[in-house]
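*Asks:* Residues per chain, in single letters:
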Amino acid sequence: MTLQSVAAAAEPFIPGRARSEIAKKAFFYAVIILVSLIFFVPFLWTLITSFKTIPDSVNVTLIPHPWTTSAWHAIWTQYDFKTFIKNSLFLAVVVTVCNIFLSGLGGYAFARLKFPGRELLFLLVLGTLMVPDQLRLIPVFVMLTNWHLIGNFSGYILINLVTATNLFFMRQYFSTIPKDFEEAAKLDGAGYFKTFYRVMLPLALPAISALVILQFQGTWNDFFWPLILFGQGSPSHYTVQLGLAELNFSYSTLWPEICVGSIVAILPILAIFLAFQRYFVSGVVSAGVKG
Amino acid sequence: MTRAGGHPVQHMATASQAAPAPRASLMGARLREAGWGYGFVAVPIAVFGLFFIYPFGYAIYISFFHWGILGKQSGGTGTFNYHSVLHDPVFHTALKNVGEYTLGVVPLEMALGLSLALVINQKIRGRNFFRSAFYFPSIASSVAITTIALYIFNSDGLFNRIIGSHTPWFSTASTVTWAIVGLNSWTTSGTIMLFYLAALQSISTDVYEAAALDNTGAWRTFWKITFPLLRPAHFFVLVVFGIGALKVFDQQFIVSGGGGGPNYSTTVPVFYIYRKAFTSFDFGAAAAAGVIYFVIIFALTIVQRLTVGRQEAV
Amino acid sequence: MRKRLGVILGLLIAVVLLAATAQAGTRGAKVTNVTLAGWSSGPDEDTLLNQVIDQFNKTHPTIHATFSVINGDYPTAMTARFAAHNPPDVFYVDSSVAGAWAQQGVLQPLNSFISSSKYNTKAFFPSLLGAFEVGKTVYGFPKDWSPLAMEINKGMLGQAGGKAPTNWATLQSVAQTMASKNVVPGGKPICLSADWARMLAFIYQGGGSLTNLTSPAAQAAVSFYVGLLNKGLAATPDKLGAGWCGEALGKGKAAIIFEGNWVLPFMKSTYPNVQYGVFPMIKDKTGGNLAFTVSYSMAKDASNKPAAWTLLSWLTGPVGQKLWVSKGLALPSRSDVKAIGGRQAFLSAAPYAHGWGFGNPNFANAYTVMNNDLNAVISGGKSVSSMLSDVASALKG
Chain A
1 MTLQSVAAAA EPFIPGRARS EIAKKAFFYA VIILVSLIFF VPFLWTLITS
51 FKTIPDSVNV TLIPHPWTTS AWHAIWTQYD FKTFIKNSLF LAVVVTVCNI
101 FLSGLGGYAF ARLKFPGREL LFLLVLGTLM VPDQLRLIPV FVMLTNWHLI
151 GNFSGYILIN LVTATNLFFM RQYFSTIPKD FEEAAKLDGA GYFKTFYRVM
201 LPLALPAISA LVILQFQGTW NDFFWPLILF GQGSPSHYTV QLGLAELNFS
251 YSTLWPEICV GSIVAILPIL AIFLAFQRYF VSGVVSAGVK G
Chain B
1 MTRAGGHPVQ HMATASQAAP APRASLMGAR LREAGWGYGF VAVPIAVFGL
51 FFIYPFGYAI YISFFHWGIL GKQSGGTGTF NYHSVLHDPV FHTALKNVGE
101 YTLGVVPLEM ALGLSLALVI NQKIRGRNFF RSAFYFPSIA SSVAITTIAL
151 YIFNSDGLFN RIIGSHTPWF STASTVTWAI VGLNSWTTSG TIMLFYLAAL
201 QSISTDVYEA AALDNTGAWR TFWKITFPLL RPAHFFVLVV FGIGALKVFD
251 QQFIVSGGGG GPNYSTTVPV FYIYRKAFTS FDFGAAAAAG VIYFVIIFAL
301 TIVQRLTVGR QEAV
Chain C
1 MRKRLGVILG LLIAVVLLAA TAQAGTRGAK VTNVTLAGWS SGPDEDTLLN
51 QVIDQFNKTH PTIHATFSVI NGDYPTAMTA RFAAHNPPDV FYVDSSVAGA
101 WAQQGVLQPL NSFISSSKYN TKAFFPSLLG AFEVGKTVYG FPKDWSPLAM
151 EINKGMLGQA GGKAPTNWAT LQSVAQTMAS KNVVPGGKPI CLSADWARML
201 AFIYQGGGSL TNLTSPAAQA AVSFYVGLLN KGLAATPDKL GAGWCGEALG
251 KGKAAIIFEG NWVLPFMKST YPNVQYGVFP MIKDKTGGNL AFTVSYSMAK
301 DASNKPAAWT LLSWLTGPVG QKLWVSKGLA LPSRSDVKAI GGRQAFLSAA
351 PYAHGWGFGN PNFANAYTVM NNDLNAVISG GKSVSSMLSD VASALKG
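So the protein sequences, as listed, match chains A, B and C. Numbered per the working numbering, the first sequence spans residues 1 to 291. Numbered per the working numbering, the second sequence spans residues 1 to 314. Numbered per the working numbering, the third sequence spans residues 1 to 397.
Okay, chain A solo, but in the shape it has when bound (with noise of 0.2 Å):
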């Protein structure tokens, strides 16, 4: 049951209503599908440059002429995307696990239990927002430096454990459910751990789907940390992004290249959206209070 459904239901019925509300809902989808053009345009032009050859890359011309699957060829045979795209998925899963686990929980905490100097802790985890990784770059480096973590992905995976960000949205999120699940666990006999873990976490579906998508991505996305961190040695190390960064000389952009190592590397996000994004159709939740 939808807002406009159920609105629509209770109107009464008035004759000539229904040809403007047709006028109405046709103008809406003309606009959406016109915002959605808009944003598919450079991924559409994405998409073609990646069959051009490189003197007509840089035309503007909505077809390939000629025609070639180089580019492709070329990212898959001359740059080892395979171990890349392996790589980057490793990273992007261990650390959305991690974060959705951690921030839950932290989340959780900060939004529903009582503890002495919680107030200043949050604002403590709001506070690392505000400091820019440029000015913590040479201290965390020579930090992980001095334990051996750099050079390959443990010092890359412990930074980003949980982020605030993640941190603060589940806090939000869980302050808005009804405390009526709490208490009812409590009666149950449930401690504090199995309370989160059987009946909050599961609540949060919605949020820990808007995480599990914005969090792969981040990581998957992440290119600074990773050219510090890992992205120095071996080539066996490196990321999406960094191999992408081996397509970007100075004077000389493969273009073609660059556009099919770009669509490689945003397929698995599109992945991971369209699966978990069903998570958010409505009702979820208010099943769960109703029934």
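Think of the hints as simulated: they come from the structure by calculation, not from any bench. Watch out, some of these pointers could steer you wrong.
DSS-like, lysine-lysine: derived pairs with alpha carbons at most 25 Å apart [to be verified]: (1) C:K118 x C:K154; (2) C:K181 x C:K251; (3) C:K382 x B:K96; (4) C:K283 x C:K154; (5) B:K224 x A:K24; (6) B:K123 x A:K25; (7) B:K224 x A:K179; (8) B:K72 x C:K396; (9) B:K224 x A:K25; (10) B:K123 x A:K24; (11) C:K231 x C:K181; (12) C:K283 x C:K163; (13) C:K300 x B:K72.
Per label pair, the in silico range of CB-to-CB distance [to be verified]: (14) B:G257 x A:S236: 29 to 35 Å; (15) B:K96 x A:P202: 44 to 50 Å; (16) A:P202 x B:A34: 24 to 30 Å; (17) C:S303 x A:V97: 35 to 41 Å; (18) B:L50 x C:K283: 56 to 62 Å; (19) C:K283 x B:K72: 46 to 52 Å; (20) C:N212 x B:Q304: 51 to 57 Å; (21) A:L89 x B:G49: 28 to 34 Å; (22) B:A34 x A:A275: 36 to 42 Å.
Even for Gly, the Cβ is constructed at its ideal location relative to N, Cα and C.
Take the given structure of chain A and dock chains B and C to it, following the hints.
*Replies:* Chains B and C in isolation, oriented as in the chain A frame:
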């Protein structure tokens, strides 16, 4: 109401209602709750402490010295770094640029994100398709998107061919900030859409049903009911993306080729810090700039907390 | 049970010993690992450098050199590694930052290695080697260099009389002819970058210098450069729809550009059908050009300095450098290595080439001031003299 576990609950409930809890176990319960609270936040706080708070403390420390790549340099202790940064016209320009940028991008991307979320939240046909389409710009990395944008907004690129102009939007001092505002609101609107979508799910449909029974129109329902109920989301988006806007760097860096121009128009505070550290190797000044900027952002966040985030009492 | 354990243990020890001896047998003496780091300017360069490294490894069995490319913000990545005392052993240093890195103490002075191995530094062109010297201390050897030259679209030049300009006056008149005959439709005759890395050459041509920027000669040179833009005879690349002047030449939006050696491979791969000629840089009161060069330097914190020295001195020695410049991607920095054919227009600049950023630790910072101010001057918001005094004080630090 379904309960987890399915144990027979009634007599337990009655029992706890009959006898008042003794003081000692109340204290114990509070202690236990606090213990669990600390336990739950232990790992996040450790990560934040090590990789954000400590480096920031380090920055505060070195801001009082002349500090090079390999450490402290001669020149004594003092507030000279703060003095030089606060009196640097380039720093003032940076603050002005980022102020303009933030005031432009945050309302725009919030409005866009919320609108898209509201559209998607309804039962429209092809919902999955539109959701993917709206999210698409957010998927690509900033480097990829900026490169594509530079191409499209070239002086004789696609955009100018359509509107018949010749302005190179990203390399003209007067237009570059607004070009980046446009670019970034386009790419972050999808992300904000996701946050608002998730938040919209937590509003139970009873609320909408009640509004419909009262014959409330769609716009009134949104403005008087939905919008206020989204307060935790507004606070979140405002803080996170407001701070994000104040920390903007990538697009300005790529568009200006690392120079911060033309004529300092793409110099923003984070760029200023970056330059002081990695071009001039004046880490003391970079740290001072970082501390100053942190204080500014912190003050703004407190203001947001006191206004929008007020109802957080649990 | 115990007997079986004993047998297994014995076998294990035997295997380990065997492996150790096998290892020693194949390798002979101990192999030292040396890391080399740099950035990449193109796929051709990458392949060539790897070939050069392979050759080194073949001829030096006790040292194993590995090259790793840093595909991103090279100075930032290197700074982080310097700070963590974990740098690569040998690495690229651009001349514009050499002074600053030397001052920060992250580069290894090479004088003791030079004297102990009797390395001949006299073969290096003095102005190039000078980029990496502070006083008498040598901090690196130039691996190659490139000056600026003038590239002109042959067809468009033909339509304007066919004679390439040789000085400021002829530059202006040729451009004038091109403009009046509309030889460059949709573009401008000349592409000039809003960049001191191009304009400085003109300052030298006018008789000015970096150490005396407020002189009338420097003022006149800048005024000439900016004047071409204001007169409509030239435009900056972004106004021509290009990222840099090479792209403008390729797109046919400019006829005359001033770029270095790097424009050749770019045009060949991206705009192979554009016919253009390479001409020597113009002169005016005197010849004036810029020398862009990069050194191989050693880290102060390098783990094995003698091995690093062997690599460094070989790469910049006659054998290594000959291999490196064999594809014509850059010019040799040594007088005993010959450049490949067809580079005469660049080589003729050698006597007039001034180092880009040489020796000044404040140069990288001053460069930011330079270009931001130049943009302001071009758009009319700042006066030439005010920019020159800004830059002069930025250079002083």
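*Asks:* Need the list of violated hint numbers for this structure, in ascending order.
*Replies:* 1
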